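There are 2 protein chains.
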Amino acid sequence: MSDVEQLKKQVDDQGQVVRKLKGDKAEAAVINEQVALLLALKEKLRIANGGDPNDKGGKSNQPLVLKTPKGTKDYGAKEMSVRSDIFSTIVNVFEKHGAVTIDTPVFELKEILMGKYGEDSKLIYDLKDQGGEECSLRYDLTVPFARHLAMNRITAIKRYQIAKVYRRDQPAMTKGRMREFYQCDYDIAGTYDAMIPDAECVRVAVEILTNVDVGPFVIKINHRKILDAIFEVAGVPEEKVRTISSAVDKLDKMPWADVKREMTEDKGLSDEVAERIGRFVLLKGGEELLAELQANTELMASKKAQEGVADMVLFFKYVKVLGVLPYVSFDLSLARGLDYYTGIIYEAILVEENVRPTEAQPTATKANEVKDGQDIDESVVRVGSIAGGGRYDELVGMFLASKGKKSKKNEVPCVGISFGVERIFSIVMSRRQNAQLKANRTKVYVISIGDSLIEERMRIATELWDAGVATEFAYKVKSNFKAQMNHCDDEVIPWAVLIGSSEVEQGVVKIKNMLDKDAQGDAAQVTVKRADMVAELKKRLAMN
Amino acid sequence: MSDVEQLKKQVDDQGQVVRKLKGDKAEAAVINEQVALLLALKEKLRIANGGDPNDKGGKSNQPLVLKTPKGTKDYGAKEMSVRSDIFSTIVNVFEKHGAVTIDTPVFELKEILMGKYGEDSKLIYDLKDQGGEECSLRYDLTVPFARHLAMNRITAIKRYQIAKVYRRDQPAMTKGRMREFYQCDYDIAGTYDAMIPDAECVRVAVEILTNVDVGPFVIKINHRKILDAIFEVAGVPEEKVRTISSAVDKLDKMPWADVKREMTEDKGLSDEVAERIGRFVLLKGGEELLAELQANTELMASKKAQEGVADMVLFFKYVKVLGVLPYVSFDLSLARGLDYYTGIIYEAILVEENVRPTEAQPTATKANEVKDGQDIDESVVRVGSIAGGGRYDELVGMFLASKGKKSKKNEVPCVGISFGVERIFSIVMSRRQNAQLKANRTKVYVISIGDSLIEERMRIATELWDAGVATEFAYKVKSNFKAQMNHCDDEVIPWAVLIGSSEVEQGVVKIKNMLDKDAQGDAAQVTVKRADMVAELKKRLAMN
Chain A
31 MSDVEQLKKQ VDDQGQVVRK LKGDKAEAAV INEQVALLLA LKEKLRIANG GDPNDKGGKS
91 NQPLVLKTPK GTKDYGAKEM SVRSDIFSTI VNVFEKHGAV TIDTPVFELK EILMGKYGED
151 SKLIYDLKDQ GGEECSLRYD LTVPFARHLA MNRITAIKRY QIAKVYRRDQ PAMTKGRMRE
211 FYQCDYDIAG TYDAMIPDAE CVRVAVEILT NVDVGPFVIK INHRKILDAI FEVAGVPEEK
271 VRTISSAVDK LDKMPWADVK REMTEDKGLS DEVAERIGRF VLLKGGEELL AELQANTELM
331 ASKKAQEGVA DMVLFFKYVK VLGVLPYVSF DLSLARGLDY YTGIIYEAIL VEENVRPTEA
391 QPTATKANEV KDGQDIDESV VRVGSIAGGG RYDELVGMFL ASKGKKSKKN EVPCVGISFG
451 VERIFSIVMS RRQNAQLKAN RTKVYVISIG DSLIEERMRI ATELWDAGVA TEFAYKVKSN
511 FKAQMNHCDD EVIPWAVLIG SSEVEQGVVK IKNMLDKDAQ GDAAQVTVKR ADMVAELKKR
571 LAMN
Chain B
31 MSDVEQLKKQ VDDQGQVVRK LKGDKAEAAV INEQVALLLA LKEKLRIANG GDPNDKGGKS
91 NQPLVLKTPK GTKDYGAKEM SVRSDIFSTI VNVFEKHGAV TIDTPVFELK EILMGKYGED
151 SKLIYDLKDQ GGEECSLRYD LTVPFARHLA MNRITAIKRY QIAKVYRRDQ PAMTKGRMRE
211 FYQCDYDIAG TYDAMIPDAE CVRVAVEILT NVDVGPFVIK INHRKILDAI FEVAGVPEEK
271 VRTISSAVDK LDKMPWADVK REMTEDKGLS DEVAERIGRF VLLKGGEELL AELQANTELM
331 ASKKAQEGVA DMVLFFKYVK VLGVLPYVSF DLSLARGLDY YTGIIYEAIL VEENVRPTEA
391 QPTATKANEV KDGQDIDESV VRVGSIAGGG RYDELVGMFL ASKGKKSKKN EVPCVGISFG
451 VERIFSIVMS RRQNAQLKAN RTKVYVISIG DSLIEERMRI ATELWDAGVA TEFAYKVKSN
511 FKAQMNHCDD EVIPWAVLIG SSEVEQGVVK IKNMLDKDAQ GDAAQVTVKR ADMVAELKKR
571 LAMN
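In the order they appear, the protein sequences are chains A and B.
Going by the working numbering, the first sequence wraps up at 574, each residue one higher than the last.
Going by the working numbering, the second sequence wraps up at 574, each residue one higher than the last.
You can take every hint at face value.
No more than 20 Å apart at the CA atoms, straight line, and that leaves these computed lysine to aspartate or glutamate pairs for DMTMM-like:
(1) K506(B) to D341(A)
(2) K100(A) to E163(B)
(3) K568(B) to E125(A)
(4) K506(A) to D423(B)
(5) K126(B) to D496(A)
(6) K508(A) to D223(B)
(7) K100(A) to E452(A)
(8) K512(B) to D223(A)
(9) K108(B) to D215(A)
(10) K569(B) to D552(B)
(11) K158(B) to D159(A)
(12) K108(A) to E125(B)
(13) K158(B) to D199(A)
(14) K347(A) to D481(B)
(15) K126(A) to D519(B)
(16) K334(A) to D223(A)
(17) K158(A) to D150(B)
(18) K152(B) to D159(A)
(19) K158(B) to E210(A)
(20) K347(A) to E493(B)
(21) K347(B) to D481(A)
(22) K508(B) to E485(B)
(23) K74(A) to E141(B)
(24) K347(B) to E485(A)
(25) K158(A) to D159(B)
(26) K506(B) to D519(B)
(27) K74(B) to E164(A)
(28) K158(B) to E141(A)
(29) K350(A) to E493(B)
(30) K194(B) to D104(A)
(31) K100(A) to E164(B)
(32) K158(A) to E141(B)
(33) K568(A) to E125(B)
(34) K280(B) to D258(B)
(35) K334(A) to D423(A)
Stretches of chain B that chain A covers, calculated by requiring three or more beta carbons in the stretch to come under 8 Å of a beta carbon on chain A:
(36) 119-131
(37) 146-157
(38) 170-180
Because the hints were derived from the structure by calculation, they are not lab data.
Predicted model, so just to flag it, every value in this text is computed and none were measured.
From the three backbone atoms N, C-alpha and C, an ideal C-beta is built for every residue, glycine too.
So that you can see chain A by itself, here it is in the shape it has in the complex (with noise of 0.2 Å):
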C-alpha cells in the first residue's frame, strides 16, 4: 500500500472506533479524545494528498480539537464529590495523627529535580526555556518536601501534602496510568527513637485504609538493611544487589522458579548463590519470623543484620501497642524500587474480597516447602498495591550535603508512606456506580405552584442562606412544577420548600420530602407556619 492508501486505511478504522464509542454511548472524554485521534489522521491525509500543511488556523476548516492532553482528563462534579469524601477522610486522619500541611509550586528547577529517580528521569516534564531558569514539573511529592526542609533548615515535622505530580510516561488510561495524577503524601521528618514514628505511619495506613473503606488489605513490611545482610551472606556481588533485588522484588507475582532463573540465566547469579537467596527471601509471616532470623548465626553475623532485627523487634512490639498487628506481614521478598530507602519499607496491598485482614494474616511459609516453585500463597497474591513507603534518613542530607554542610548532625531522618488515592478513587467510584450519586450539596430547592412567585421564592432562599442551609430554586421568572420538582429528582434535593399564592395568603409553606418516597403523613409533607420553616427544615436536617 502506498502511504496515501495506507493513511485512508486508518482513517476508515479510525472512523469505525468513532461511530462504535457514540453507538455505544460512550463518555463524551472518551469520545472526544478518539474523535481528536481521527481529525489528526484526517489532516495527514489531506498533506499527504497535497494540501497546504500551514492551512490551518481560525479561518480554515480544520476545526479547534477540544481535548485535553494526552494522559490528562477532566474530572466533572460527580467525580469531585467523590474525590473530595476520600481527600476529607483521608485529611482527617492525617490531622488526628497531627500532621500539618504545606504547599510547594507545582514547577520546580530543574537542577532540584536531577539525579532523583535514576532511569525515570527521562519522564521529568520540562517547561520551555522562554528565558530566565531551567524548571520542569514536580515527578513526586518527596523530592520537593526534602528541598523545602532543606531550604528552611526544617529539622522536625510531621506533613501531609495531596497534590498533582507529572510524568511523561506513555499513558495507559484504561489501566489508570495518567501523565498527570494526584499523590497523597505522609511524612514523619526528625531525629527521634527507633521504630516510633515507623510505627505510627502503619497505625496511619490501617485508619485511612479502613475509613475510606477498600476492601481487605495487608500491609507487607521488611527491611532494607536485613535484605541488605541477606544479599551479603549468599554472597551476591556488591554490583549485582539493585538488579537482584528488584527480581526478589517481583516474587509477589512470580512463581519463585521464575525469579530464580531470572536471576541466574538473566542475571548471572549461581545457582548456589541464588538458592542461599530464596532460602530467606521466600519467607513470610508475622513476629515469628524474627526468632528465625536471630538462630541464623551466620546472617545475624552481620551487623546490619543485628541493626535491621533489633529494629523489627521494636517495631512489633510498638504494632501491638497501636493495636494493628492483625493488618502486618512480614514479608522478606518486599523490595520496593527506590533507592533512597535506608529502614523499613512498606507495602499495603488488597487482598481477594473473600479474604479478611484478620484472615489474610499468613502464616509463616517454610521456605523449603515452597522452593520448587508451587507453593506461593495465593491468599496474599497481591491484587494492587494501594499504599506505599518507608525510611528515607538520607535525602534531605543530599539537599544539605550539596550546600557543603554534610555532617552527621545535618541530618534529617525521615519515614513516611504515600497513598494511591487515583487507584483508592477508582476502587470507590466504580462500587458507586451503580448507587445514585450527588454532586452537589443541596439539602433543600424551593419551588412555586402555578404562580411565578419569583422574588417570593428568593426571600425564602435568602433566610435559608442566612441560616446556613443550602439552598437552590430555579432561575426562571416562571418555572414549569414539574420541571422544578424533576430537577430536586435529578439533583437528588432531599428537601423541596413549596409555595403557591394560597401558601403565601395564608403565611405558610409546604415542607416536603423529596428522598424518600414511601414516606407517610408528616414525614412525608407538612405545611408550617413561614415562621417556622427554618426551626422545622433544621429539624428534618438533622434527622437526615
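With chain A held as given, fit chain B onto it using these hints.
Structure of chain B alone, referenced to chain A:
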C-alpha cells in the same frame, strides 16, 4: 569600572544585603532567595576572572542552589492552616448556593489558550516540546471551564474551582504578584431569565467577603451595554472604544482631569466627545441613577442602552430581595479589562478601614459637580480590588463555533465572579501575625512524668484516636517532662494527659488545661479514672 570591578561591587553589595537579612532574622525563604542571587553573582565573577564556565555539578565547589523558581514560593504549615481556613469558608458559601466543583489539568493544549488573552498571551508558560502535543500551563480557570463545557456539551452548571494558574510576569513578590497563584472562581452557566443568576453572584460575593472578614467593602457594578451606548452617543469612533474604555476604568485612581487629558492628548478624542463621556462616567450611586439614565432621551435612543437599563432595573429589584443592596454601588466608570464581557460587570473593592459598608454606600454624585476633577469621592477610592467578574455569554460559543457549530442553540450564557484569594490571604495573614498561629489540629498531648512509659503513652493515644480525638505524644522512649510541656505550648495544643508511674498504678490520668493558664481548680487540672478519660476529654473539647 571594568566588568570584573563592577561584579565585585555587586557581590559586595549583595553580601551586605544577605548579612543584613540574617542580622534581622528575616524569613528563611527570603534569605535563601538573596543567597541564591549572591551565589549567582559570585559564579559570574568567578567566570569573569577566567574560571571555567563548565566547572559545576556534583563534584565542583558550586553548590546546588536551594530555592523555588522565580515568582513561586512554598507555603509553610502555619500559612497553610490559615489558607485552608479561608478556602473552606469560601467553599462552604459556594456549596450553600448549590455549586459543584470540577477539576481540569494544570496544562492545556496550547491552541486552546491562543487568542483568548490578547496582548497578555506573551505571559503564557509553555511546556518544552518533548515530542507529542504542544501544551501550556493554564493562564486562568475561565478558558479551561469554557473548554470543558464545550467539549462535554454541558449547557447548565453552577461550578466553583479553586486552583493554581500561571503567568510568566515579572514578579513583584513584595506586592503579592506571583508567577504561580491561586484563582477562585464561581460561575453559573445556562440559559436562564435575566439577572437572576447575576444578582445571586453578588449575594455570594457579599457572603464570602463578610465571612472571610477582610474589612468593609463595596461591590461596584456597571453594564457593558450601557458603557457601549455611552461611547456610541458620545461619538467615540468604533476603533477607539477599547482604548477609551480602559482610560475610563482608571477613574478610580486618577482625577477626571487626568483621564480626560489621556483621552484627548494621548488618544486623540476631541474635547467635546471627552466632555460628553464625562457627563456619564462620573456618575455613581444607587438605583436612583437609573431614573437619571432613563430621562436622557439621547442615550435611551440606543437599543443597547435600553437593554442595559432594563437589566439594571431587574438587578436592583433582585439584590434588594436578596438583602445585599447596601453593598452595591452603581459606577458608570467601571469598565474592566477583559474583552469577553457582554453584560453586567462587577468589582468588589475594599474601602478605608473606618468606612463601614453601609456608610460607604455613596450617594449619587452629579457629574457637573466633579467634572473639574476635584471632588472624586475619596471614601470609595479603591484600596484594592478583591473580586471581579461579569457576564460572558459568548465564550463557550467560541469553542463550539470552532467546531463548526455556531448557532444560537449552541450558546451557553455564563456569569461569574472571581475572588482574589491571594489578596484575601495576605490581609487575613497580616492581621493574624500578632496572634499565635496554630498549624496543627491536635487537641491532646500525652505526657509522661518521670518515667518513660512509652507504651502507656501509645496506648492512651490509640484509645483517643479510636475515639476520633486528634492526639500526639513525643517520639522518644524517655522524654524530658519540661520538653514535653514546652512542645505542647509551642504547638498550641489545648489539653495534656499526664501520667507517671503512680497514675498508672492507680489507674488514673491527670487532664491539664494547657491553653488557659489562669484557669482555677477543676478547670485547670483534674484527675480522672483511666476509664473516664475519653468522656472527660470529649466534654472539655466540646466546651473549647
